[in-house]
Amino acid sequence: MIIKGGIVYDPANGIYGDEMDLFIDKGRMVEAAKGEEIDARGLLVMPGGVDAHSHIAGKKVNTGRIMRPDDARIGTEPRTAVCRPSTGYTVPNCYAMGYRYARMGYTTAFEAATPILEARHTHEELEEIPIIDKGALTLFGNNWQVMECVRDKDLTKLAAYVAWGLRAAKGYGVKIVNPGGGEAWGFGGNVKSQNDIVPNFDVTPAEIIVGLAKANEMLNLPHSIHLHFNNLGKPGNYTTAIETLDLLKDLKPSRMRQVVHVAHMQFSAYGGTSWRDFESKAPAIADYFNCHNHATMDMGQLLFGSATTMTADAPLEYGNARLTHNKWSNHDIELEESSGVVPMVYNRKMLVNAVQWAIGLELALLVKDPWKVLMTTDHPNGSPFVNYPEVITLLMSKPKRDLEMATLHEQVPKRTTLAGMEREMDWTDIAIMTRAAPARVLGLEDKGHLGPGADGDVSIYDLRPEEVDTSLDHVLVKKALANAKYTIKGGVVVSKEGQILATPPGRTFWVDAAVPQADTDRLMVDLEEKFAKYYSIQIANYAVQDAYLPHAQIIRAGLPVLSEVA
Amino acid sequence: MSEAIMIRDAVCSFCGCLCDDINVEVEDGKIQRVRHACRLGSSKIMGHARIQSPMIRKNGVLVAASFQEAYDKAAEILLAAAKPLLYGWASTSCEAAKKGILLAEEVGGVLDSTATVCHGPSVIGIEEKGLPGATLGQVKNRADTIVFWGCNPAEAHPRHSLRYSSNSCGKFTPEGREGRKIIVVDVRETKTSKNADKFIRICPGSDYEVISALRMLIAGKGESVPDEVGGVLKADLADIAATLKAAKFGAVFFGLGITHSRGRYKNIDNALSLVAELNSHSKFVIMPMRGHYNVGGIGQVLAWSSGYPMSVDFTRGGPYFNPGETSACDLLARRDVDAALIIAADAVSNFPRATAKALAGIPVIQIDPYENPTTLLSDVVIPSAIAGVEVEGTAYRMDGLALRLRKMVDCSLPSDEDILMGILESVHKQRQMTANEGA
Amino acid sequence: MISGRTLAQGAGCESKMSTDFFKAVAICHLSEKDFKSLGLSEGRNVLLKNEFGQVVLTAKKDAGLPDSMVFIPMGPWANVLVGTETGGCGTPHFKGLEVEVAATNSPVLNIRELFFGLGA
Chain A
1 MIIKGGIVYD
11 PANGIYGDEM
21 DLFIDKGRMV
31 EAAKGEEIDA
41 RGLLVMPGGV
51 DAHSHIAGKK
61 VNTGRIMRPD
71 DARIGTEPRT
81 AVCRPSTGYT
91 VPNCYAMGYR
101 YARMGYTTAF
111 EAATPILEAR
121 HTHEELEEIP
131 IIDKGALTLF
141 GNNWQVMECV
151 RDKDLTKLAA
161 YVAWGLRAAK
171 GYGVKIVNPG
181 GGEAWGFGGN
191 VKSQNDIVPN
201 FDVTPAEIIV
211 GLAKANEMLN
221 LPHSIHLHFN
231 NLGKPGNYTT
241 AIETLDLLKD
251 LKPSRMRQVV
261 HVAHMQFSAY
271 GGTSWRDFES
281 KAPAIADYFN
291 CHNHATMDMG
301 QLLFGSATTM
311 TADAPLEYGN
321 ARLTHNKWSN
331 HDIELEESSG
341 VVPMVYNRKM
351 LVNAVQWAIG
361 LELALLVKDP
371 WKVLMTTDHP
381 NGSPFVNYPE
391 VITLLMSKPK
401 RDLEMATLHE
411 QVPKRTTLAG
421 MEREMDWTDI
431 AIMTRAAPAR
441 VLGLEDKGHL
451 GPGADGDVSI
461 YDLRPEEVDT
471 SLDHVLVKKA
481 LANAKYTIKG
491 GVVVSKEGQI
501 LATPPGRTFW
511 VDAAVPQADT
521 DRLMVDLEEK
531 FAKYYSIQIA
541 NYAVQDAYLP
551 HAQIIRAGLP
561 VLSEVA
Chain B
1 MSEAIMIRDA
11 VCSFCGCLCD
21 DINVEVEDGK
31 IQRVRHACRL
41 GSSKIMGHAR
51 IQSPMIRKNG
61 VLVAASFQEA
71 YDKAAEILLA
81 AAKPLLYGWA
91 STSCEAAKKG
101 ILLAEEVGGV
111 LDSTATVCHG
121 PSVIGIEEKG
131 LPGATLGQVK
141 NRADTIVFWG
151 CNPAEAHPRH
161 SLRYSSNSCG
171 KFTPEGREGR
181 KIIVVDVRET
191 KTSKNADKFI
201 RICPGSDYEV
211 ISALRMLIAG
221 KGESVPDEVG
231 GVLKADLADI
241 AATLKAAKFG
251 AVFFGLGITH
261 SRGRYKNIDN
271 ALSLVAELNS
281 HSKFVIMPMR
291 GHYNVGGIGQ
301 VLAWSSGYPM
311 SVDFTRGGPY
321 FNPGETSACD
331 LLARRDVDAA
341 LIIAADAVSN
351 FPRATAKALA
361 GIPVIQIDPY
371 ENPTTLLSDV
381 VIPSAIAGVE
391 VEGTAYRMDG
401 LALRLRKMVD
411 CSLPSDEDIL
421 MGILESVHKQ
431 RQMTANEGA
Chain C
1 MISGRTLAQG
11 AGCESKMSTD
21 FFKAVAICHL
31 SEKDFKSLGL
41 SEGRNVLLKN
51 EFGQVVLTAK
61 KDAGLPDSMV
71 FIPMGPWANV
81 LVGTETGGCG
91 TPHFKGLEVE
101 VAATNSPVLN
111 IRELFFGLGA
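Residue numbers (our numbering), protein chains in the order written: chain A, 1 to 566; chain B, 1 to 439; chain C, 1 to 120.
Extracted from the complex, chain A is given alone in its bound form (with noise of 0.2 Å):
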């Protein structure tokens, strides 16, 4: 395939807006190849987008349709010759997820988070979505087995574990949520700082943050730890934010990459003592990543309107129903986790969601390294990620922002910097912040750029970027986003101006990571204990079975002596 006179923004390989052609062979990108020609001249061309941070497949994703049929039937669509009927908004049907995402033009997305016990549920719907490629970050800051190694101190038992829980998970990186107030949750409690006691354990989330950390790059795994920090959608967390982030400044990465990745920074960047005095603290926030190079985000923005908050964070969702007096969903995972899930409608007139909207664009716009931010809605729980065009448009144009800061609650300007903020992003800064970024926070190497060897994941958009003026033709931009011209994923088209053409299915990424076997031996002894007396079910029907995932891409990590020997 030729794909023709676009307008290329590549920015992993330094090409920001250079007239050229791209060709793909065999699914990859190349240097030349005969074939279908696709005429792109004069338009935006960029490597298929990429999604580090959504909630996309598994229990709690069903859990949200299962409560929300008025959602379902907002999204109907008809089965075609091609696709499979749609439904929902917040929370789409398997088959909506997918042809969604690239009619956009994205091309990868990976689910947030997975308890171990519960992953062969999120491979099951994982495996239903069409078209793109995925993975499942895997839970580990609630796990009885992680916080007993923490509180041992032992290190590499630790490592082994969290490559066993990869392996039975098929999972792709170390998700920690809320840690150690989870467990808490199990009677009822949470822990109030980083530096809380989990009852029963004997350990700090603090400990439990360094420690998966270190695991982490002792395991040399492609994506950092991926964080939800504790107090997360309180007002005042941005200290939490910030000391805990201080925990790990020194931490030495395995990779070219960041040592945390913080989930959905918006929820996280509190000021205020309640929710009378509630403020922006992005500016701070915004500080520590300009002056550290350790930590990247994703935005988590929230939009106006519908969205159905979930995350393994059940104390929050306890919190959120309580606040709104809406139904409720919560749920527990034996010896990993809880979780939550409570629909929501942001309201711009309602101060404390127009300064929440607010928070995501400063920290967008106030990182001067667009490398440090991911753009994302923490789909669903600040919008569903069909509503990523929005995004991006309040990114690039300050009159869109002036016009939207008009309709909202008159305290924001008082309670955030949002209104004197000039910038706009351009097209490599969207290039970034949606391609290019992600795939690198994730270590994905064949992902967000359109090198030779890259999966042959393009997306193109009915836009002149030498013409059209981002900054005041943002309706046009937004429709533009919203429905590429063209999406290619592995080099077949599969959406052309909005409509489906082909369903190929994606891969799933996972992670297998070698550990000396002796300290997967110390861990077994552990591990049988806690089937034989605490599981509810037996080992040997725990882990994902092989059949889940048909269409696996395993990436080999671990110690680098051990895998070469293997």
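One thing to keep in mind: the hints can contain errors.
[Said to hold, decoys possible] Derived lysine-lysine pairs resembling BS3-like cross-links, with alpha carbons at most 30 Å apart:
no. : chain 1 : residue 1 : chain 2 : residue 2
1   : B       : K248      : A       : K234
2   : A       : K214      : B       : K171
3   : A       : K214      : A       : K192
4   : C       : K49       : B       : K191
5   : A       : K192      : B       : K171
6   : C       : K60       : B       : K191
7   : A       : K533      : B       : K234
8   : A       : K214      : A       : K153
9   : A       : K530      : B       : K171
Rather than coming from a laboratory, the hints here were simulated on the basis of the structure.
Use these hints to put chains B and C onto chain A, whose structure you have.
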């Protein structure tokens, strides 16, 4: 004579407990012994009389046919129908469910599961209020207070109490039954109530009132509660309310006693509210006791495929869901469907008589390992291999946990999944032929 | 009348055409007092009747049942007495139905007899 093979830690595919510690001894391709399973599980795994061959009804009599003939006839029936019902799905794998949904989309039918006559009201309650739940292991490790409301696990889920609930031992519950308070609420004494510390007998159909009274007492508004509610003295209710509030970790398990009685989904809505409110005093979770082993699984697969967990109408192209309108019993009672495919469920036995009678008036395709009253009314009967005994697959436990079913022995019959694919292929073939004739 | 699962019903529900299933399910539990006041003895049958239908079942004493309540194992015999109304939620009332109960000399229909002529 071949040597006996021991299959360890297999998953029992009878009830929603999905016990996964079953050991099975196989010799000469036959199951000789089953260990660890309860009477229900052993009975299923050891096996019953089976349908031997596909059959098609000719002149009122079921006559043996080939599988291909049966697939073709089934496809013909589904294609001729304006609104076929595809019902059952509780006792088969998720892999079969996926193919069934595809078939329902393809022929424009309504797909409903046996949840519609069991925990369908629970699903509607969850749509109203959400489900504050947990995995069963969480209950085992933490629960010091357990309520069984309108359910009788001693007969319906025999190993539930020992593996997961009242009599199980875990990290924070080393004393097992001794360390727990067990409350049973029912309209009659049962084997389960005999294991209770406190048995509350309520009048039939008064679940809603009793739950409301408990909510009032827990909220500190006891003065508004009359002296007796649903046949229970206020003092007893106050006692229960105090026990629930004092729990470190409480769990409510509920069954068809509450979904099948007056109030139906409103009872569940109220119970879910009770549990949500209890969380401001203590940690509390609630869980429906799912009957058939994979009735949870069809709900999960349907939800991620269509957005809705049961009663999904695909006749309009896009999925549409409205219980009462798109649920199997209502469709049949209104004579609103003109053919039915019944798989892994015995609709004729389990529906009200008049509803079953409606099935007799339309062409019926049955896919099942066993002969049952549905067979008596069927026009096409296709025998299948048993998921979890003869074929692998996925099932979801009552707490939503997915487990891999094992294959224990070979079977010459096709799986439900294979049969549905056979019908689907025949549908494609017959459509193509019709299109060619038209051209 | 209430209907529900029993161990024997569950164990037999995959061999519904068998006599074991018939013995386990075609029965009606009554309280000791009701059993006596209807003049029943073990092995005698009762006729249950309501607006939806009527069915003959073998009577059985059940000390756990309160008076004026009968329990029938879930299945085709109980369902003769269940109506089609679902109140818009898809699920009929399988429990809490009013029925008249009387002793009878009529025989209990076996499963084939129970469904004989249903299609007609």
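Here is what the structure says about each hint:
1. In summary, the hint linking B:K248 to A:K234 is supported, as the alpha carbons are separated by about 26 Å, within the 30 Å threshold.
2. With a CA separation close to 28 Å, the supplied pair A:K214 and B:K171 stays within the 30 Å bound.
3. Using a Cα cut-off of 30 Å, the hinted pair A:K214 and A:K192 holds, with the two alpha carbons roughly 24 Å apart.
4. Under the criterion of a C-alpha separation no larger than 30 Å, the hint pairing C:K49 with B:K191 is consistent with the structure, at around 28 Å.
5. As the CA atoms of A:K192 and B:K171 are separated by approximately 24 Å, the hinted pair is consistent with the 30 Å bound.
6. The suggested pairing of C:K60 with B:K191 holds, with an alpha-carbon distance near 17 Å, which does not exceed 30 Å.
7. For the proposed pair A:K533 and B:K234, the alpha carbon gap of about 40 Å is over 30 Å, so the pair is violated.
8. Restraint check for A:K214 and A:K153: the C-alpha separation of about 11 Å stays at or below 30 Å, so the hint holds.
9. Taken as a hint, the A:K530 and B:K171 pair is honoured in the structure, with Cα atoms around 9 Å apart against an allowance of 30 Å.
Checked against the numbered hints listed earlier, the structure breaks hint 7 alone; every other hint is satisfied.
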